[in-house]
Amino acid sequence: MNRTVLPAALLPLLLLTACQAPPTSPRPTDQLPFMGSWDCGITTMTFTPTSYLPSNDAAPIRIRSFSTQNRVTTMTLADGAVIQVQSQNDNRIVWLSQSTGDSFECSRVAG
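Residues -21 to -1, 1 to 90 in mature numbering (1 follows the signal peptide of the UniProt record, and there is no 0) are what the sequence shown lists, from first letter to last.
All the pointers check out, no bait thrown in.
So the derived label-pair ranges between C-beta atoms look like this:
(1) N68 / A38: 26 to 32 Å
(2) A38 / Q67: 26 to 32 Å
(3) D81 / A57: 17 to 23 Å
(4) A37 / S82: 14 to 20 Å
(5) Q48 / P28: 15 to 21 Å
Hints are computed from structural coordinates only; laboratory data are not their basis.
The structure displayed is predicted, hence computed values, not measured ones.
Even for Gly, the Cβ is constructed at its ideal location relative to N, Cα and C.
Produce the entire structure from the sequences given, and follow the hints as far as they go.
Written as structure tokens, this is what we have:
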């Protein structure tokens, strides 16, 4: 039987590494209060930490980048569109398309 012997100096490093918390997501959901589904009158939109669904029948669109400032999150989608979500409170958002100028007031339905 072969035994692998680790140098004593590696033991503290292994213990420290094992005790560290896992890395956090670049988009922690606690910083994205609009995660979930929203009734916007003419459509129901859904946001996940990685994608945007403009309606229940649409395919998810990957969120390429985002930034948040003063309760307004700006997202650039994989197709190049830019949308913004302004959190009014836990149950209300305003959605705005910088590409089309459309905007909707939305109420939370899930999430």
